[in-house]
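S.K.: Given these sequences and hints, build the entire structure.
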Amino acid sequence: MGRYLIRRTLFGILVLVVITQVTFFIFIKLPPGDPAYRLAGKDKSDEVLAQIRHNIGLDQGYWVMYGRFVKGLVPWPGEADEFLDPDIYYSWSNKVEVKEEIVERLPVTVTLTIGAVILWLLMGIPLGILSAVKRRSAADRAGMTFALLGVSIPTFVLGLLLNYVFWYKLGWAPPTGFDLGDSLWQSVWEGKFLLAWITLAVTSAAFYTRVVRGNMLETLSEDYIRTARAKGLSERRVTYKHALRASLTPVVTMLGLDIAGLLGGAVITENIFNLRGIGDYALASLDLTDFPAVMAVTILAAFFIVVANLIVDVIYAALDPRVRYA
Amino acid sequence: MKRYLRIAALVAVLTLVAAACGGGTSTSTPGTGPGTETSSDIPTGGTLKTVMTQDFFYGLDPTAEYYSVSWEFLRCCMARTMLSYTGKPAEEGGGEPQPDLATDMPTVSDDGLVWTFTIKDGVMFGDPLNREIVAEDFVNAINRLSDPKNNTHGYPFYYTAIKGFSEAEGDQVEGVKALDDKTLEVTLDVPEPDMPFLFGMAATAPIPTELIDAHYKEVELGQFLVSSGPYQYEGMEGLDLTGKTPPTGMDINKAYVFERNPSWDEATDDLRFAYVDRIEITVGGEVQDLLDKVEQGVVDWCIDCGATATSLQKYTTDPALQDNINLHPADALAYHGINVFQPPFDDVHVRKAVNWILDKDALWRLAGGPPSGDIANHFIPPGMMGGLNADYNPYPSPNNQGDPTQAAEEMKLSAYDGDGDGVCDDPACDTQILTVTGDNDAIKSAEIFADSVEPLGITLKITAINYNALVAKCSQLQGHTTLCAAGWGKDYPSPYTFFFPLLDQGENGSNYAFIGATGEALAAEGYSGFDVDDAGIAIPSITADIVACRAIPIGPEQAQCWADLDKKVMEEIVPVIPRRFPNDIDIWSDNVVNYSYDQFAGIGAVDQIAVAG
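Chain order of the listed sequences is A and B.
So the first sequence is numbered by this note's numbering: it starts at 966 and just counts up by one.
So the second sequence is numbered by this note's numbering: it starts at 856 and just counts up by one.
Any given hint could turn out to be false.
In silico lysine to aspartate or glutamate, EDC-like type, Cα no more than 20 Å apart, as pairs [to be verified]:
#: 1; chain 1: B; residue 1: K1032; chain 2: B; residue 2: D966
#: 2; chain 1: B; residue 1: K1004; chain 2: A; residue 2: D1024
#: 3; chain 1: B; residue 1: K1004; chain 2: A; residue 2: D999
#: 4; chain 1: A; residue 1: K1064; chain 2: B; residue 2: D1106
#: 5; chain 1: A; residue 1: K1060; chain 2: B; residue 2: D1106
#: 6; chain 1: A; residue 1: K1060; chain 2: B; residue 2: E1075
#: 7; chain 1: B; residue 1: K1299; chain 2: B; residue 2: E1380
#: 8; chain 1: A; residue 1: K1134; chain 2: B; residue 2: D1002
#: 9; chain 1: B; residue 1: K1004; chain 2: A; residue 2: D1052
#: 10; chain 1: A; residue 1: K1134; chain 2: B; residue 2: E1150
#: 11; chain 1: A; residue 1: K1134; chain 2: B; residue 2: D1229
#: 12; chain 1: A; residue 1: K1060; chain 2: B; residue 2: D1002
#: 13; chain 1: B; residue 1: K1109; chain 2: A; residue 2: D1144
#: 14; chain 1: B; residue 1: K1032; chain 2: B; residue 2: E991
#: 15; chain 1: B; residue 1: K1099; chain 2: A; residue 2: E1065
Derived coverage of chain A by chain B (criterion: at least 3 residues anywhere in the stretch with Cβ under 8 Å from a Cβ of chain B; other residues may be distant) [said to hold, decoys possible]:
#: 16; region: 1000 to 1008
#: 17; region: 1091 to 1099
#: 18; region: 1131 to 1141
#: 19; region: 1234 to 1247
From the structure, some residues in chain B lie toward chain A, with a derived Cβ separation under 10 Å [said to hold, decoys possible]:
#: 20; residue: P1011
#: 21; residue: K1148
#: 22; residue: P1356
#: 23; residue: N1363
Note that these hints are calculated values from the structure, not bench results.
Heads up, the beta-carbon is just placed ideally off N, CA and C, and yes, glycines get one too.
M.R.: As structure tokens, then:
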């Protein structure tokens, strides 16, 4: 297992390095627009552009620049003793340190993610089980209709719709965004996350419902389930002790990656509900072509995915005795 | 250029509005001037709750900010200047600089090279300094403005006439001297008639030496800005100016809270009202959502939202909301720039033919019709020339839908119409038009443009690229572009801020016509067939005309000079195809009981907004 973890970790690092290269190439080399052009005021003389390139470290060779940005991501002996070196990773616009922004915004994204995950698991798994156990019943059809609608409706439509109905029209939900001076917990308490959680949860819950139902149906037709029934175990015991565990194993994989994806920023949902998390930051930084922020957020999102992949693989093996580390 | 972005955003949000929704403009400026009878009827106190979609660009650093919203907050609240503006629309004198920290307008020597400002008694910096503003504080500002390492976003190029400015690089600018605490003397190398405007810009606002010493760096200084206006950041009282933690009211990227500056004495300020006690700004959000919050009264005003199609329709048609919107002509122009050295547009007759035939009405309706502004038929917004040229239209056509007959006649005169049938028969007429990607309305505009010029035998391939790329390509000779979508807003209320950046100096980053380029620069990029003047500048050039107008003191005579140049540009040089003079739009909640449009910044004058509760 130790060798397996080391190998996977090294592979994960390689993935991250490749992503840094791709991101750097896309944002620094690929667009025909020079970042210095955007940062300059109306005076775009050669002298001013050269000064800007010098100020932000874009006046060197490609690999030197790339190396500088990669080194700045992690502590480096003799250079920086912290992640996201503030001398490199700062907003090209308002000079705010990227790390500072991420540290402030990550709790918002984590809160959004945790709430949404709890909600969609509470919705998706029971509905999936119910649909499978009560196959072809009204409950099954209702569950599948929900799944179809949930999967079909885009997040931005559902989010805007919920906000329109429950805040703008009915006034039941609070307006989007945090109130001035409110802490994260105050905002949670005031229900600022509720519609965002529901928006994220409905689409994912629908998907999970379908997956759990499918897995359950497949498992319930396995020989060992028939054996369990033949031994006289109650249907409840068969369903929840024997079938459910096997059915949920693939869900763990999905869940890990879904959580990792959300931690990288639920861009649309955060934008609709004016939640200033990582996704909102990514969007704003892209809009401003603020490369240091884009690079940091991209790597953060990739890091979550890589780590989640690793964790999921480890858990999967624990849950499924057939899986062995090789 | 950020001002361009604002305009582009405005264009974008207005484009979906059907022409039917516009019933004419509604100007609501109940505010009154200082000392007038009714100003006492306006309630004072309360909190103005505002939102804005995006932050100030450089943390309200007066030297670096180059954005109209930032300029308004500096003007209204935090950074008084020698001269400033009343926060009124142009028709009420809002475009004319007035003495602010100065006792009077500056005196100028006979040769126009020495300008002397006298500072009022009793004008003070706020917390934590609470000391009198002295001439040396202005010297600090000009010195910092001259530092290229610290200021690559601002507008130092306007100040190069000041003696030693270009060489100072942050050190002492030779031409700026504090003769004593109350007297600032500015010596120029060459006459600069726009000095009153230039000393009304935020970059010249006094910066105390204590602040310069502690936080010289760009943006950082703005985070600790010591106010000279009626408001200051919350938490400035007792703040350690040498510390690293900004005041509580300055949370960059997130929120701002301004409270009254205890050292501001209204007796020293003839320009500001400062009705509310407290101003809150929350940063971030989607435009329609923020405007919905305004409508619901959750907040009082969205500072930079403008209007969406939905809100505009609602506010211009619903009697209950019609008093809560202001539409006012901005000092801005939406246009297409023409590269006058690139075939086939190196022929003035082709440029004129395109101006004759363009269906401006279709473009205007696409942009939203009446609420979006007026169709533009020339280069300079009339409001910037005291209304001169307001009815001037060198290329009239029925209903502004284009005149194919006149256009064909013009094309016949062109070298690109060999057989004289009014249709271009040269391969050069198979060219392209550049517009911004991701903006359907910009692309639709380009399609209207292409359809309009097709009868002239000009085939335009629409190329949509991102904004940065468009600016880079259109502003560099090597791009060999022909037509580029563009927008422009003034920096200060003088036509010079249009003519100089857009039609002078050749390749300067904003000049898509490349007028003023040297023959050498053009030849180096493969251009040919042009003549040059004695100075080596390619013809056509308006450099001499600009110099001539600037030699006239600011006033009606200079305005007439600019108006004449406006006509010359449109009739003889034709480097642009004007489309629209856009409107600025503000929407506010029922809680706002007084509003005035500030012509200088192009948004509501924050100091003149009063709230009921």
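S.K.: Check the hint pairing A/K1060 with B/D1106 against an upper bound of 20 Å on the C-alpha distance.
M.R.: holds (13 Å)
S.K.: Does B/K1148 meet its interface restraint, that is, does its C-beta lie within less than 10 Å of any C-beta in chain A?
M.R.: holds (6 Å)
S.K.: Report holds or violated for chain B covering the region 1091 to 1099 of chain A, Cβ cut-off 8 Å, minimum 3 residues.
M.R.: violated (count 0)
S.K.: Given the hinted pair A/K1060 and B/D1002, is their alpha-carbon gap at most 20 Å?
M.R.: Holds. A/K1060 to B/D1002 sits at ~17 Å (cutoff 20 Å).
S.K.: Do three or more residues from the region 1131 to 1141 of chain A put their C-beta atoms closer than 8 Å to C-beta atoms of chain B?
M.R.: Since 3 is at least three, the answer is holds.
S.K.: Regarding the pair B/K1004 and A/D1052, is the alpha-carbon distance no greater than 20 Å?
M.R.: OK: B/K1004 and A/D1052 at ~16 Å, within 20 Å.
S.K.: Against chain B, does the region 1000 to 1008 of chain A show at least 3 residues with beta-carbon separation below 8 Å?
M.R.: It holds, with 8 qualifying residues against the three required.
S.K.: With chain A as the partner, please determine if B/P1011 meets the hint condition of a C-beta pair closer than 10 Å.
M.R.: Given a least distance of 7 Å, the restraint on B/P1011 holds.
S.K.: Next pair to validate is B/K1032 with B/D966; report whether the Cα-Cα distance is within 20 Å.
M.R.: Cα-Cα ~18 Å, so holds.
S.K.: At a threshold of 10 Å, is the proposed contact between B/P1356 and chain A supported by beta-carbon distances?
M.R.: Where the cut-off is 10 Å and the nearest Cβ of chain A is about 5 Å from B/P1356, the hint holds.
S.K.: Would you mind confirming whether the straight-line C-alpha gap from B/K1032 to B/E991 stays at or under 20 Å?
M.R.: holds (8 Å)
S.K.: Checking one constraint from the list: CA of B/K1004 to CA of A/D999, max 20 Å. Satisfied?
M.R.: Given pair B/K1004, A/D999 holds - Cα atoms ~19 Å apart, limit 20 Å.
Checked against the numbered hints given earlier, the structure breaks hints 7, 8, 11, 17 and satisfies all the rest.
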